Amino acid sequence: MSGIGGISTLADHKRRRIEELTARTSEAGGVSLIRDAGRRLLRNPTAMVGAIIILLFLIIAIFAPLVAPHDPVQRFPELTKDLTVDSIPGATAGHPLGSDPLGRDFASRMIYGARQTLFVGVLATFIGLLFGVVLGAIAGAVGGWLDVLIMRLTDVMLALPSLLLAITLVALASRSTQWTVIIAVAVVNVPIFARLLRGSMLAQRESDHVLAARALGVRRRDIVLRHMLPNSLTAVIVQATLTFAVAILDAAALSFLGLGDPDINRAEWGLMLGVDGVRYFEVRPELAYLPALAIIFVALGFTLLGESMREALDPKNRR
Amino acid sequence: MPLLDVRDLSVVFQRKGAKPFTAVDGVNFTVEPGQTVGLVGESGCGKSVTSLAIMGLLPRRGNKVSGEVRFEDTDLLKLRPQELRDRRGRDIGMIFQDPLSSLNPVLPLGLQVAEVLERHQGRTRQAALREARNLLDAVGIPDPTRRLKEFPHQLSGGMRQRALIAIALACKPRLLIADEPTTALDVTIQAQILTLLKQLVEESGTALVMITHDLGVVAGLCDTVNVLYAGKVVERAERHDLFAEPRHPYTHGLLQSVPRLDVDRGGRLHQIRGSVSDNIPWPEGCAFAPRCDRVNDACIGETVPLEPTFRGGALRCTNPVPQEVPA
Amino acid sequence: MVRVILRRLIQLVVTLIALTTLVFFWLRSLPGGPVDALLGERATPQTRELLTRALGYDQPIWTQYGRFVKNVVTGNFGNSIRTGEPVMDVISRSFPATIELAVAAIIIAIGLGIPLGYIAARYRGRMLDNATIIVTLIGISIPIFFLGYLLKDLLTQNIHIFPPSGRITTGMDNTDVTGFFVLDGLLTREFDATADALWHLVLPAITLATIPLAIIIRITRASVLDVLDEDYIRTADAKGLRNTTIRKRHVLRNALLPVVTTIGLQTGALLAGAVLTEKVYNWGGLGTLITDSISGGRDYPVLQALILLAAVVFIVVNLLVDLSYAVIDPRVRVQ
Amino acid sequence: MRASRMQAKRLRTVITAGVIAALTIGAAGCADSDRDSGGDEGKAATGGTFIFAGAGDPKNFDPIFNDDGESFRPIRQMYDTLIEHKPGTAELQGGLAESWSNDPTGKIWTFKLRQGVKFHDGSALDAAAVCANFDRWYNMKGDAAQSQMIYYADVFGGFAGSPDAVYDNCKAQDPATAVVTMKKYKGAFPGAFALTAFSIASPTAMKQYDADKVTQNGDSFAYSAFATEHPTGTGAFTYGGWNKATGEITLNKNPDYFGEKAKVDKLIIKVIKDENTRKQELRAGTVQAIDFPAPADRKALAGEGYKVLDRPAFNILYLGLNQKNPKLKDLRVRQAIAYAINRAQLVQTKGPGGATVADQFMPNTVLGYAPDVQKYDYNLEKAKQLLSEAGATGLTLNFYYPTEVSRPYMPNPQEIFTVLANDLQAAGIKVNGVPRPWNGGFKDDVQQFGKQDLHILGWTGDYNDPGNFVGTFFGREKAEFGDQAMTEMFTAIGKADATVDQAAKKTAWEQVNRDLAAKWLPAVPLWHAPPALVTTKNVEGLVPSPLTNEEFNTVTLTK
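Protein sequence lines correspond, in order, to chains A, B, C and D. Residues in the first sequence are numbered consecutively from 1, following the working numbering. Residues in the second sequence are numbered consecutively from 1, following the working numbering. Residues in the third sequence are numbered consecutively from 1, following the working numbering. Residues in the fourth sequence are numbered consecutively from 1, following the working numbering.
These are computed hints drawn from the structure, not numbers from a lab. The model shown is predicted, which means the values in this text are computed figures rather than measured ones. Hints may contain errors.
[As the list claims (entries may be wrong)] Pair ranges (Cβ atoms, derived):
no., chain 1, residue 1, chain 2, residue 2, range
1, C, V316, D, V543, 16 to 26 Å
2, D, Q511, A, P77, 36 to 46 Å
3, A, P77, C, N158, 52 to 62 Å
[To be verified] Once the Cα atoms are required to be at most 30 Å apart in a straight line, the calculated BS3-like pairs of lysine-lysine come out as:
no., chain 1, residue 1, chain 2, residue 2
4, A, K81, D, K261
5, A, K81, D, K112
6, D, K261, D, K112
The beta-carbon is built from N, C-alpha and C at its ideal position, and this holds for glycine as well.
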């Protein structure tokens with residue numbers, strides 16, 4: 001039943017799922033859980049695979065300038081020389097993966113792609129998380145009409161399928177830039193994070209150590225900041241890990257629909273796949289395959305880690 | 001000959017990653033037809049595992065079950081899963097601790113009772129339901145006809161437990177295993193359920209294995225009592241003997257820790273040091289030793305055997321509680 | 001239940017009013033817009049004025065809003081800027097296409113998802129289980145427009161097994177009764193049309209089904225595993241019931257509860273997936289309509305209607321999920 | 001390929017079987033099929049169905065209310081114009097009028113009409129009918145209707161009562177002679193008479209389905225039954241229906257067409273918006289011809305034996321320079337930009353097959369093309385030098401480019417922008433790219449408000465007249481190029497456009513083009529890109545038109 005007369009019970013179901021997840025990941029809360037969750041993670045091969053993929057991705061992203069042979073936006077005469085709209089030169093000396101549709105070094109663009117993709121994913125996730133967490137925290141800590149208001153808001157947002165919401169937002173944006181995309185993708189996640197945090201804060205509120213703290217007369221602000229938030233955040237972190245994957249996929253989808261980041265100078269995997277990859281698929285399939293594989297791997301990495309974190313934090317799996 | 005004869009039954013949990021753990025360690029006991037036998041011990045002493053092992057309800061993977069469980073003349077452990085299924089619910093019924101979680105939340109009560117009858121007595125749904133109604137009536141559920149259509153969450157705790165009993169006894173089994181049937185219930189209800197059980201087994205001459213940590217229950221119900229500790233039977237005796245003169249320090253300790261109105265009022269309630277989980281520093285020897293106040297060198301080192309007592313019971317102790325010299 | 005339905009309807013109305021107003025003013029605040037979209041490169045300034053006047057954009061915004069509301073209330077969303085026909089016609093034409101596609105996808109997702117999920121759970125930890133999990137994870141991680149793109153390239157270009165796009169072969173000249181081509185074919189006994197329509201449906205449906213399928217598999221697996229450790233399953237075992245009975249009556253029935261919810265959630269997600277799938281396969285449905293209304297020239301009248309429609313569909317789906325939920329879960333029913 | 005299609009067929013029949021099985025349950029109450037003889041794939045030398053894949057939905061079928069190629073494609077087949085273009089060229093020839101003439105003032109146009117021509121509704125085409133059309137346009141009532149007559153407003157200046165209206169009256173001297181009188185001469189004539197928008201429609205039909213009824217509804221317009229269901233012209237094909245669900249426009253052979261009768265019985269125009277999908281359908285053999293193949297696919301398709309037909313380039317892509325920006329007001333800076341751009345490389349790397357570098361704003365087929373204009377070949381040093389002379393080093397410019405659009409002259413704006421920006425950066429000009437959706441603000445910002453410093457835009461010619469190119473761009477004050485009176489340029493163009501004598505006209509325009517390049521340089525011409533058509537091997541007789549208005553009556557399907 002939809003709590004306070006929600007906009008839609010699917011939203012409620014989503015919400016319920018989120019909250020039960022929260023309950024699981026944060027009810028026992030506390031350091032001990034996190035510690036032995038960590039222990040269980042280290043023992044879990046899938047988690048490790050995920051972690052390794054992500055680590056690799058981060059390294060490439062951070063050290064792109066060192067790894068990449070060239071500047072990703074520079075056009076090279078030796079590449080433009082035999083570049084035409086219907087044939088794109090392949091591997092040559094100094095250009096291991098050959099050219100992209102504009103005579104730029106494809107290898108370098110793939111490598112810098114890690115950086116841009118990370119940028120988009122992280123920002124989209126973080127912005128969503130930030131607003132979500134703030135809203136959720138307010139709702140959870142203050143409660144009352146503010147809580148009701150915020151929850152109604154999230155209900156409305158949950159009522160539209162995520163990508164559809166993103167598309168609409170981009171369409172309704174007066175100008176299209178990389179930020180339009182990032183924000184569109186981010187906004188979609190705000191309600192999820194808000195729900196999540198609120199849910200787990202409520203769970204926290206009833207938990208023993210908070211009750212104890214309250215009994216000891218600790219100030220409410222301190223209870224929220226020192227006791228409730230930290231524990232609730234575990235759930236949020238798990239969600240964030242999963243969100244990252246979704247974020248880069250959505251960004252790619254937007255590019256494919258021609259609603260993505262318009263600056264094709266920017267080397268971002270979603271953009272490379274959604275625009276050049278598709279357009280020049282028959283001329284040079286690698287232009288699609290490589291970014292696609294990269295995206296799949298990274299998304300997979302984050303999903304693997306996220307899922308196993310969730311499992312690990314789930315008290316049901318404690319032994 | 002006994003109805004149920006359990007011979008050095010052992011259950012070893014082998015989970016990957018963890019080292020094998022012996023939950024049940026060479027348990028022996030018998031149940032005569034119509035007799036009520038108690039398995040008593042603190043939680044974690046392996047009594048529930050024993051019952052599941054008898055029913056063959058332990059998951060195949062990760063558990064090693066050895067020994068014999070003779071029901072009449074067949075060894076249940078040797079049966080193929082399918083044959084075992086045919087006996088479960090027909091020859092042996094079982095009642096579980098938590099009546100709510102033990103009933104399927106999405107099926108109407110009637111069906112949950114009826115399906116046993118359909119399965120073992122090949123009745124039609126209608127016939128089964130009719131019988132189910134009578135059963136519910138028999139276990140004292142008011143307005144059974146209506147209840148048939150209701151769902152577990154619509155019943156009170158006591159009702160649910162009654163329903164479970166009805167299910168367990170539906171096919172008039174010769175043996176009923178009750179695993180802590182009252183622990184999840186309010187004290188007031190507990191009494192009702194116990195009397196109900198008692199009455200039912202007496203009427204139908206069903207043998208009952210009552211698994212509990214509650215000596216009160218035992219006192220009210222059992223003919224013979226087996227006290228388990230750390231997966232071993234440490235003392236077996238007739239109910240009266242056990243309560244009159246516990247020999248094993250552990251049994252003694254248990255009885256001491258039961259609040260009593262008649263003796264030493266105001267005196268502190270006795271308690272047993274530590275808990276079962278204290279792991280034993282020595283591989284062989286008495287597992288209770290670390291907590292025992294009568295411990296001596298003999299307890300440690302070689303295994304302590306379970307020796308028959310002259311009163312037809314049995315005892316596993318090197319230094320039992322002395323009994324008053326019979327006058 | 002009646003109360004639930006009533007509440008939904010009220011919610012629906014409220015949401016719609018809020019949305020329409022929001023959308024109306026937002027769209028009016030954007031640059032470009034209808035005038036820009038209606039005029040080609042050749043428009044002279046004079047024509048521009050004419051048009052602005054003709055569309056009443058010279059009048060105060062509130063007058064415009066009033067007119068807009070009056071129309072909407074009478075179910076008139078104006079005419080499409082791109083094609084000039086009434087928005088309602090455009091939508092009611094595209095709607096069946098998407099429904100046809102979505103239904104096909106859902107059938108695949110459920111038809112394969114629940115069994116596979118169940119099997120995976122039964123063989124927990126074995127090769128099969130692990131394989132399923134990996135595959136589903138990949139299914140979730142792959143950009144589905146790319147998957148669709150590959151399928152299309154492989155099965156329509158390299159090997160011509162399936163048609164590359166559209167809902168029916170050009171020139172098939174099938175009779176349009178309901179707008180659901182498969183159905184129409186049956187109704188009018190044009191079986192070749194039905195076959196052809198089904199034929200066109202295969203690839204898009206598979207593409208669209210990928211994500212829901214993966215998710216349904218995972219949820220089913222998880223929830224079956226949960227149910228398997230439930231006490232009532234032990235009880236059922238203790239009753240000596242046959243394995244089949246236990247699985248059908250006790251395990252599956254309970255395991256399906258969360259799955260139903262998921263399916264509900266996924267139908268929502270399908271709308272989003274449809275946008276991508278329909279673009280890949282040039283499927284003349286709502287998805288295509290959305291993309292066209294945006295990139296094909298900011299067709300605001302259509303966009304407005306679509307946004308409202310999305311809300312309606314979504315709330316209706318909720319209702320259905322709730323009802324189905326009530327059917328299989330007695331605990332909900334009594335509340 | 002054939003084999004695999006057989007395979008597909010077989011699989012289909014399997015499915016059909018299944019369906020029929022499923023049917024026995026639910027086939028009780030059934031609507032009856034009202035279709036004619038199913039999907040016939042006639043492959044005879046003549047007859048059969050020709051399926052052409054277009055790139056977008058038409059708006060309606062009333063010529064005068066349209067201004068885009070996708071609407072004109074079917075209209076072309078159903079209507080005729082007084083004057084036509086020779087197939088494959090932009091030169092004029094007789095259409096409904098066997099011949100035409102104008103008086104020395106260029107104001108009075110006399111059309112000798114072809115005899116015995118009938119509209120699809122059987123009514124006769126005579127001078128009265130022609131005049132009825134001219135009068136209808138001139139006297140069109142209502143903002144809604146008028147606002148949709150883009151071409152009319154452009155060519156004929158305005159409507160009844162408007163001071164700058166060009167049209168005066170039309171007299172039917174005799175049934176075979178129509179005399180149209182203008183208030184003033186316009187260079188657009190006679191070319192403009194060949195515009196598809198000015199096709200001659202049946203007055204009877206227009207009255208019957210009150211063609212003039214255009215009603216505003218919400219943010220758009222509803223058109224009359226004439227425009228949507230009963231288009232009636234004299235063309236080689238008659239209207240057969242528009243299935244919007246499948247995006248199929250069906251046209252049937254007009255057996256009593258006055259000209260060369262259609263070889264195929266049926267013409268289906270199938271709307272497929274995605275260029276990639278058009279190609280794939282062509283390969284699948286479900287369509288016989290596609291318009292605007294993706295430039296990247298041309299080579300592949302040609303290699304597979306499809307016919308790639310290039311239309312003679314009749315368009316222009318240019319880089320607009322907005323003189324609202326004081327820096328750009330300096331000719332040297334504009335020239336520097338011209339030198340800084342490596343057009344040869346642009347055309348080679350990004351130009352659609354057959355594209356050529358443009359050095360002026362009209363293709364060489366148009367009257368007044370000057371071979372000897374200043375060329376501005378790529379010269380980085382010169383560019384830098386000019387910039388420093390102008391004291392415009394470290395210049396930063398806002399470069400507006402459109403997104404969500406693909407035009408024949410501009411298949412991929414983002415790439416073109418990126419290349420140009422790259423070149424300008426090399427010359428030391430900082431470029432600040434501003435992407436705007438084509439209909440979501442680009443046209444507004446660029447043409448209405450002139451917010452940009454630089455922008456890319458282009459044009460496809462409508463008829464063979466320099467005014468239609470240069471005149472449209474630079475003939476009057478436009479925000480696009482800096483809203484200021486460039487008096488010299490305007491007057492020069494105005495004079496050239498007003499010249500009636502062809503020879504004088506030619507020289508006048510040539511001079512305009514030279515000055516545009518050397519003195520005014522309001523924009524930098526980039527390329528002429530021929531849009532292509534691709535057909536299957538068995539399609540014969542499809543003549544690509546530079547104006548992208550092919551007529552399909554000449555098409556045959558061979559085995």
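Do the hints match the structure? See the list:
no., hint, in the structure
1, C:V316 - D:V543: 16 to 26 Å, "violated, 53 Å"
2, D:Q511 - A:P77: 36 to 46 Å, "holds, 39 Å"
3, A:P77 - C:N158: 52 to 62 Å, "violated, 35 Å"
4, A:K81 - D:K261, "violated, 49 Å"
5, A:K81 - D:K112, "violated, 56 Å"
6, D:K261 - D:K112, "holds, 22 Å"
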